[in-house]
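Based on the sequences and whatever the hints tell you, model everything.
Protein chains in written order, with our numbering: chain B, 1 to 449; chain Z, 1 to 449.
Keep in mind that the hints were calculated from the coordinates and are not lab data. Accuracy of the hints is not assured; some may be wrong.
List of simulated lysine-lysine pairs, DSS-like, C-alpha gap at most 27 Å [to be verified]:
hint, chain 1, residue 1, chain 2, residue 2
1, B, LYS78, Z, LYS156
2, Z, LYS36, B, LYS408
3, B, LYS36, Z, LYS156
Number of protein chains: 2
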Amino acid sequence: MFRRFSSTSTLPPTIRQLLSSPAPHASSIQVNGWVKSIRRQKRLAFAVISDGSSALGLQAVFRDPALAKSLTNGASVKLTGVLAASPGAGQAHELQVEAVDVLGECDPATYPIQKQALTVDYLRDHAHLRARTDPISAMLRVRDTALRSLHGYFEKQGFCYTHTPILTSNDCEGAGEAFRIAPVPDSSNKPEEFFSRPSFLTVSSQLHLEALASAISRVYTISPCFRAERSQTNRHLAEFWMLEAEWAFTQSVDDMCAVVEGAVKEVIRSAGADAAAREDLMAVVEKPWKRMTYTEAITELEKVSDTVSFAFTPAWGKALQSEHERWLADTLVGGPVFVTDYPATLKPFYMRLNDDGKTVACFDLLIPRVGELVGGSLREERLGHLEKALDAHSLSREEYGWYLDLRKFGGAPHGGFGMGFERLIGWLTGIENVRECIPMPRWAGRMLL
Amino acid sequence: MFRRFSSTSTLPPTIRQLLSSPAPHASSIQVNGWVKSIRRQKRLAFAVISDGSSALGLQAVFRDPALAKSLTNGASVKLTGVLAASPGAGQAHELQVEAVDVLGECDPATYPIQKQALTVDYLRDHAHLRARTDPISAMLRVRDTALRSLHGYFEKQGFCYTHTPILTSNDCEGAGEAFRIAPVPDSSNKPEEFFSRPSFLTVSSQLHLEALASAISRVYTISPCFRAERSQTNRHLAEFWMLEAEWAFTQSVDDMCAVVEGAVKEVIRSAGADAAAREDLMAVVEKPWKRMTYTEAITELEKVSDTVSFAFTPAWGKALQSEHERWLADTLVGGPVFVTDYPATLKPFYMRLNDDGKTVACFDLLIPRVGELVGGSLREERLGHLEKALDAHSLSREEYGWYLDLRKFGGAPHGGFGMGFERLIGWLTGIENVRECIPMPRWAGRMLL
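Dropping the structure here:
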C-alpha cells in the first residue's frame, strides 16, 4: 500500500554548484536553465545558459549547430552533455551538448525582456519578469548573501532570532503614517474591527522586541515594516524590510555602535566574497568608523554653510536633513560615520535622556550617498523619566501601561537599533533607488502583482 | 574631533556561552540576568540567574547570605564573582558571588509572573511578560533553532532566500479571507486607495515566488501570512509565519516530498541537539516517511468508518477533515504521512492536472496530533490547461495576465510548498495550541500590544 523512497533530498546541482566543484564527468549530465544568449557559426554554435544561481552562466557548445536551431533567448531548456575544461577565454568549463530539450518556448518577437538595455521604469512595469535581468537577479543574490551573513553574525553574538507582530495597535514612531486594517464584515454583514479594536501595520518592531529582550536578553528580527508616506524619494518604500535588534544590559552608545559596525562589516565582507561588492566598500572594512556627536556635526556643518549651498541652514536643535547627512558622510568623513547624542526634542519618547537633560543617548549611522542607514539608542529604563517622556509627547500612560511594566518589574538598562535592509542593499550594490533593491516594490500609487 | 574605537564587537558572553565553554577563570567575571529562584540557608544562599539564553540558568552561590538579601524573583542583577566547578548536583559550574548589583527591582507582591503555575489564558493576557516563563522562552529558542536549521537546509539545496510582498492585489487561495487595507486620507482629506487600487495582506507568497523561480530557479521565503478567519481552533492564527519554497525544473511529486522530508528531518535533528525535542520525534527521523494517494487514504478511511465514529463520513471527492487527517497520521501510520493526488475539484486553480483528468499532482504532509503541516504541488505550467483552470474557478485571465506570462515566455515545469511554521513548532515542542508557538499571537477578537 505504501511506496517507500529514500529520504535524502534529490535535487540535482545548480549551475553555481556545478561550476564551483566541477568534478570531471566522463559521463553525460543534465543541466536546466534559460537561454541567455546564442552565437551561431557555420560549424559550431554557442549558448550561455543560466539558472539564476550565479552571475556567470554555463557556456554550452554545440558541435552540431542543428542542435541549437530551436533555441531562442528566454527559452527554458534541458541540455544533456559532458562538462569539460573549456579552451575558450572567459570560462573554465563548458558543456559539450549532446541533446537539447526545449521545456518552454519563448517567442523572440513578443518577449518583453529583450537583450537591449531596458529602462528602470519599463522593468518596474514588468515586475513579474524583471528578475530575469542580470542586475535584478544579482541584487536578489546579494540580498540572500546579506541575510545569511546577518543571521550568522547575530547568532555568534548570542542573539535569538524572533518574529514580532506585523498587526499591532501601537504606532511606535508616533508619526501617524501607519496603514490601518479595514473593518471586516461580521456575521450580519456589518463592518466590525476584526480584533475588537483598530489595528495597524507595524512601522517598527522595537517596542515588541523590548518586551522579549526583557526576558531573553538579546533578540533581533528581520521583518517587513510599512509606512503610508507619499514621499517619492529614492530611499523610501511603503513596504520595506528592517533588521531590528534589541538587547539588555548595555549602558553605552559606543558599545552599541560597535555591534552595528561589526554587523555591517561582516555583511560587506561576505558580499565581497560574492564578488558583488565594489572596491570602495572593501576599503571601508579595514578602518574603524568615525564617531561624532550631533553637536560636533552641527559645528562642522555651520563652518561650511557659507560655501556649501544647503537648502536648509544647519542649526543646533534642528533635524539633520538628507543633504546634511550626505555631506557629513560623503565629504567631511568620506565614509560611514556615527552621529550620536541628538537633542531630545528631535527624537521619539523612548530614548534615554543624557545627564545634560537636553540630549538623548542615541546614534545614527550615516553612509555615503545614502544618508541614514541605521538608527538606534539606549532606551529609557527609568520609570519616572519614561512617564515624563510619555507626557511630554502627549502619549497615554494607560495605553503604554505594558511598556511601563517592563520597567516596573526587573527592568534593565537596554538598547537597540533598526537598519533599513533595502538601503543596505543599495549601498552594497551601488543601485541608486531602493525600488530596485527589493523584488517587488510598493510605493504611493503603485503596487503591481 | 573624532573618537576612535576598536571595531570588533564587545558584547560579553551570555550564560549559555559561558556554560558551554567555561574556561577556568581565576579572576572575577560579571554576569547579567534575572533572578529565577532563591534559596536561603543560615550560612549560605543560592540563586538561579537566567538571561534567557538557555534553559539552564546559572547557579549563584553566596557565601555571605547578606549579599543575597536584596534579591527577589524577577529582579535584574549584575553579579560579580568567580566561575568554578560546582560540588552540587544539577550543574557543572557555579558562580561564587563576590558582589551584587541590583539593576532593576521587582516587587514580589505585585509581580504578575509568580512562581506558581500560571494558566495559559492568564499568560495570554500578559503577553508582554510571558516570555519570562520557562515554556515560552524555551519555545522562542526552538523557533530560533528551527529557523536557522531551515535556512541552512535550503542554502545547501541551492535555494535563494527572498522576500515577497506582504501587501498585494492578489488573493492567492481565492478564499476571500484576506485582510484589506483601509483607504488613506488624501491631500484634501478624502479617503483614497494608497496604491490606486484595493490592497490586501498576503495569504500566501506562492504566486510571487513562482515569478522569481522563473528567473532564479530555486527560491524560498519565511514570511508572515494573514487570514481573517474567525475559527478558534488550536491550529489557526490570524497572523502566522509560513515557510514557502518554489523551484523550477521539478516534474515529480515524489521528488518534492523528498525535499520537504529532508527539510523537516533536518529541523528535528537540530532541535533535538537543542534538547528540546522528544524521543518520539527522534524516532521519526530514522525512518523514511510513508506516502499514499488520496484515493488510497479514502479507501482506508472507508474501511474503518463503521468502527471509528467520524463526524464527517469520508468519501472520494470530499475534503479530508481534520479528524480524518489525524486518524491517518496518528492511528493508521503512527507517524508523518504524505497524501498525494487529491481530486482537482478540492484544490486551487494552479495545481497541475494529472493525466487521469480528475486529480492534481499535489501532496499534503500530515503529522500526528496536528494534521496538515505542509501542502504543496506541481504548478500547472501548460498555458492552455492553466487558462481553462482559471475559467473553471471563475478567475479573470486578465487579472492573472502576469501569471500567464510566466508560462508564455520560457515557462518551465515547477512546483513548491508551504509549511505553517507555528504548527511545526507545536509538533517539535509538544505545545498544544499555536497561540503558544508565536511570541505575540493574534486571533479573531484578540490583539494585545
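Hint by hint, here is what the structure shows:
Straight-line distance between C-alpha atoms of B:LYS78 and Z:LYS156 comes to about 22 Å, which keeps the hinted pair within the 27 Å bound. Simply put, Z:LYS36 and B:LYS408 have alpha-carbon atoms about 17 Å apart, close enough for the 27 Å limit, and the pair holds. Between B:LYS36 and Z:LYS156 the alpha-carbon distance is near 25 Å, which keeps this suggested pair within the 27 Å criterion.
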